[in-house]
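Visitor: Listed below, chain by chain, are the residues.
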Amino acid sequence: MNKIAVQVDDLTVAYNYKPVLWDIDLEIPEGVLMAIVGPNGAGKSTLIKAILGILNPIAGSIRIYGKPYTKQRDLVAYVPQKGSVDWDFPTTALDVVTMGTYGSLGWIKRPRQKEKKAALEALEKVGMLPFKNRQISQLSGGQQQRIFLARALVQNASIYFMDEPFQGVDATTEIAIINILKELRKAGKTVIVVHHDLQTVPEYFDWVTFLNVKKIATGPVKDIFNDDNLTKTYGINYKVSIQE
Amino acid sequence: MSNAQIEIQLIASLVAIACAIPGTFLVLRKMAMISDAISHSILPGIVIGFFITHDLNSPILILLAALTGIITVVLVEYIQKTGLVKEDTAIGLVFPALFSIGVILIAKNANDVHLDVDAVLLGELAFAPFDRLMIMGADVGPKSLWIISVVLTITILLLFAFFKELKVSTFDAGLSASLGFSPVLIHYGLMSVSSVTTVVAFDAVGAILVVALMIAPAASAYLLTTDLKKMLGLSIIFGVFSAISGYWLAHWLDASIAGSITTMLGLLFLSVYLFAPNKGLISVMYREKQQRTEVSLLTFLLHLKNHSDENERHVNHLNEHINWQKVQSQTVLDLALKNNMILIDNNIVSLTQKGDEFTSKAIDYIITNEDSQIEDMKDDFFLFRG
Numbered sequence: 732m733n734k735i736a737v738q739v740d741d742l743t744v745a746y747n748y749k750p751v752l753w754d755i756d757l758e759i760p761e762g763v764l765m766a767i768v769g770p771n772g773a774g775k776s777t778l779i780k781a782i783l784g785i786l787n788p789i790a791g792s793i794r795i796y797g798k799p800y801t802k803q804r805d806l807v808a809y810v811p812q813k814g815s816v817d818w819d820f821p822t823t824a825l826d827v828v829t830m831g832t833y834g835s836l837g838w839i840k841r842p843r844q845k846e847k848k849a850a851l852e853a854l855e856k857v858g859m860l861p862f863k864n865r866q867i868s869q870l871s872g873g874q875q876q877r878i879f880l881a882r883a884l885v886q887n888a889s890i891y892f893m894d895e896p897f898q899g900v901d902a903t904t905e906i907a908i909i910n911i912l913k914e915l916r917k918a919g920k921t922v923i924v925v926h927h928d929l930q931t932v933p934e935y936f937d938w939v940t941f942l943n944v945k946k947i948a949t950g951p952v953k954d955i956f957n958d959d960n961l962t963k964t965y966g967i968n969y970k971v972s973i974q975e
Numbered sequence: 078m079s080n081a082q083i084e085i086q087l088i089a090s091l092v093a094i095a096c097a098i099p100g101t102f103l104v105l106r107k108m109a110m111i112s113d114a115i116s117h118s119i120l121p122g123i124v125i126g127f128f129i130t131h132d133l134n135s136p137i138l139i140l141l142a143a144l145t146g147i148i149t150v151v152l153v154e155y156i157q158k159t160g161l162v163k164e165d166t167a168i169g170l171v172f173p174a175l176f177s178i179g180v181i182l183i184a185k186n187a188n189d190v191h192l193d194v195d196a197v198l199l200g201e202l203a204f205a206p207f208d209r210l211m212i213m214g215a216d217v218g219p220k221s222l223w224i225i226s227v228v229l230t231i232t233i234l235l236l237f238a239f240f241k242e243l244k245v246s247t248f249d250a251g252l253s254a255s256l257g258f259s260p261v262l263i264h265y266g267l268m269s270v271s272s273v274t275t276v277v278a279f280d281a282v283g284a285i286l287v288v289a290l291m292i293a294p295a296a297s298a299y300l301l302t303t304d305l306k307k308m309l310g311l312s313i314i315f316g317v318f319s320a321i322s323g324y325w326l327a328h329w330l331d332a333s334i335a336g337s338i339t340t341m342l343g344l345l346f347l348s349v350y351l352f353a354p355n356k357g358l359i360s361v362m363y364r365e366k367q368q369r370t371e372v373s374l375l376t377f378l379l380h381l382k383n384h385s386d387e388n389e390r391h392v393n394h395l396n397e398h399i400n401w402q403k404v405q406s407q408t409v410l411d412l413a414l415k416n417n418m419i420l421i422d423n424n425i426v427s428l429t430q431k432g433d434e435f436t437s438k439a440i441d442y443i444i445t446n447e448d449s450q451i452e453d454m455k456d457d458f459f460l461f462r463g
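Quick mapping for you: the protein sequence lines, in order, are chains A and B. All letters in the first sequence, in the order written, are residues 732 to 975 by this note's numbering. All letters in the second sequence, in the order written, are residues 78 to 463 by this note's numbering.
Be aware that a few hints might be false.
Simulated pairs of lysine-lysine, DSSO-like, Cα-Cα distance not exceeding 27 Å [as the list claims (entries may be wrong)]:
1. K863/A <-> K158/B
2. K241/B <-> K863/A
3. K107/B <-> K307/B
4. K840/A <-> K241/B
5. K813/A <-> K415/B
6. K848/A <-> K913/A
7. K848/A <-> K863/A
8. K158/B <-> K749/A
9. K438/B <-> K847/A
10. K863/A <-> K438/B
11. K913/A <-> K856/A
12. K382/B <-> K813/A
It is worth saying that the hints were derived from the structure and are not from the lab. Predicted model only: the values in this text are computed from it and were never measured.
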């Protein structure tokens with residue numbers, strides 16, 4: 732068994748005293764490419780935000796390689812939902828990617844040549860180098876998502892959390908993104924993705940967590956991605972044809 | 078110019094700069110109304126501070142008033158978090174309540190002192206040079222000039238130190254939190270600076286007009302640039318420009334300085350709103366017209382591509398076939414000719430190779446929506462710029 736990258740114990744998160752995540756226990760082994768699936772309002776994004784300390788849970792603990800998140804920030808990169816930011820913000824693609832280096836810089840220190848070089852390399856990796864000086868509102872949805880991915884890559888983390896990276900992107904970008912995620916896994920990184928398209932789960936991921944306020948199941952896709960768990964999660968008779 | 082005139086313009090300019098810096102971030106955070114709330118609700122803080130210190134320029138008064146500003150923000154967020162009302166409603170509930178407490182306090186207790194509701198609402202820049210700061214018996218200038226200089230210096234130092242943190246938490250609060258730059262901390266830092274600036278500026282321009290100095294320069298700059306640093310720079314330039322030109326407008330009209338400065342801010346925003354190269358009203362209207370023509374052009378090219386028989390391609394038949402007005406047909410034909418996309422031979426229109434390729438590419442793009450294929454077409458055609 733691999734090391735445990737992320738360990739969640741008894742996690743409960745509530746908005747205005749209404750639980751949106753209820754007593755979650757979850758172990759994510761190192762080196763998996765994991766999908767979090769579940770219906771709207773299942774708490775998928777909330778789970779990621781709670782792990783990253785963006786939301787305060789009312790109970791439970793979170794460990795990243797055995798230590799609290801605040802001690803392990805350098806090991807973690809985060810890609811929020813594309814819709815969570817204002818793309819009319821006056822800045823360029825390169826500048827957004829450079830934001831990924833801010834964590835390692837800490838307070839007050841400004842990014843310099845080294846950080847800029849790392850950001851350019853990340854842009855190159857996602858095929859966005861020609862657009863580095865473009866204002867971000869002038870990018871297509873797929874290009875914006877690539878910028879977000881590049882910003883996570885520049886953090887050079889061990890664990891990547893991504894909130895719906897395939898939302899509103901074209902087919903080419905989706906393939907480009909999943910290829911980069913698979914490369915990350917090959918390099919021994921752990922990648923956790925909130926995912927909506929159940930059809931592509933077996934093709935893209937090797938690990939899956941079913942979530943609907945409570946954790947339904949977690950494990951290897953080949954063992955647990957079945958109609959039984961899908962029905963338990965989505966509450967209706969759910970059938971997915973899995974191509975062998 | 079007399080010394081007093083120079084001093085008034087200097088104070089107005091420094092106030093404008095001190096307002097433009099936090100104002101830029103307030104506009105980007107869509108929090109313009111919060112500055113309105115702060116500017117009103119600091120009144121009870123100023124009144125209570127005045128009772129304690131009997132000096133409108135006392136640092137204790139400034140801090141007390143700024144604290145009321147922070148309390149406003151906390152109250153607005155608290156009411157909003159209950160989920161019972163939206164943010165704008167919460168703002169509308171909090172600041173009139175606090176402001177009215179200030180008005181009653183003035184009416185009940187301050188009838189005999191230099192503090193009245195008019196001065197609070199409108200400020201009086203013209204009196205600023207009368208209140209001098211004396212150090213060991215020597216006159217070193219107006220008190221308010223010194224106070225605004227201190228506040229502006231602190232604001233600029235904070236801006237330089239935390240520019241990166243302000244930027245990332247404004248653009249993406251989630252990322253900022255995950256990187257360890259607490260958005261809540263930065264938010265309250267910005268609110269504190271805004272509150273202190275408002276208190277200091279309020280003495281010069283009054284509670285209502287300070288909002289204009291925070292929001293109008295930043296809103297104008299936002300329409301002109303796509304770079305945060307340039308936006309800050311432009312906000313500052315616009316603020317100073319309005320302060321000085323407003324002063325001379327007041328001089329010429331023999332009217333309120335604060336009112337004239339705000340009028341200049343309004344005129345400035347109006348002209349930027351109309352004439353900004355990309356986001357301005359005129360530019361947007363032109364772009365929409367061009368896009369309509371370009372859609373027609375594409376329709377026309379596609380028609381040519383799909384119909385090889387000559388009677389479908391005769392110049393005069395185009396009106397009938399695609400059902401266009403004559404003027405429109407002419408505009409489209411001209412545009413196609415200008416771009417070497419068609420040839421007209423004996424009144425028969427045919428596609429050039431360039432026109433043929435352009436059409437295939439454009440249709441491909443419309444079907445697949447794959448942006449990367451059409452980068453070179455974006456420069457010439459509005460249609461593909463999204």
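Visitor: What's the verdict on K107/B and K307/B, does the C-alpha distance respect the 27 Å limit or exceed it?
Guide: Distance of about 19 Å is within 27 Å: holds.
Visitor: Straight-line Cα separation of K913/A and K856/A no greater than 27 Å?
Guide: Holds, at roughly 13 Å.
Visitor: Please work out if K813/A and K415/B have their alpha carbons no farther apart than 27 Å.
Guide: violated (40 Å)
Visitor: If you draw a straight line from the CA of K382/B to the CA of K813/A, is it 27 Å or shorter?
Guide: The hint is violated at about 39 Å.
Visitor: For a C-alpha distance cap of 27 Å, please report whether K840/A and K241/B respect it.
Guide: Answer holds: K840/A to K241/B is near 8 Å, not above 27 Å.
Visitor: Holds or violated: are the alpha carbons of K848/A and K913/A at most 27 Å from each other?
Guide: Holds: K848/A and K913/A sit about 24 Å apart, inside 27 Å.
Visitor: Given the hint that K158/B pairs with K749/A, test it: the Cα-Cα distance must not exceed 27 Å.
Guide: Status holds; Cα separation ~13 Å.
Visitor: Just to be careful, I want the Cα atoms of K863/A and K158/B compared with a cutoff of 27 Å; is the pair within it?
Guide: Between K863/A and K158/B the Cα gap is close to 39 Å, so the pair fails against 27 Å, i.e. violated.
Visitor: Hey, K863/A versus K438/B, does the alpha-carbon distance stay inside 27 Å?
Guide: Holds - the C-alpha atoms of K438/B and K863/A are around 24 Å apart, at most 27 Å.
Visitor: Need the status of pair K241/B, K863/A: alpha-carbon distance at most 27 Å?
Guide: Answer holds: K241/B to K863/A is near 19 Å, not above 27 Å.
Visitor: Would you mind confirming whether the straight-line C-alpha gap from K438/B to K847/A stays at or under 27 Å?
Guide: violated (35 Å)
Visitor: Within 27 Å, alpha carbon to alpha carbon, are K848/A and K863/A?
Guide: holds (12 Å)
Going through the hint list in order, the structure does not satisfy hints 1, 5, 9 and 12.
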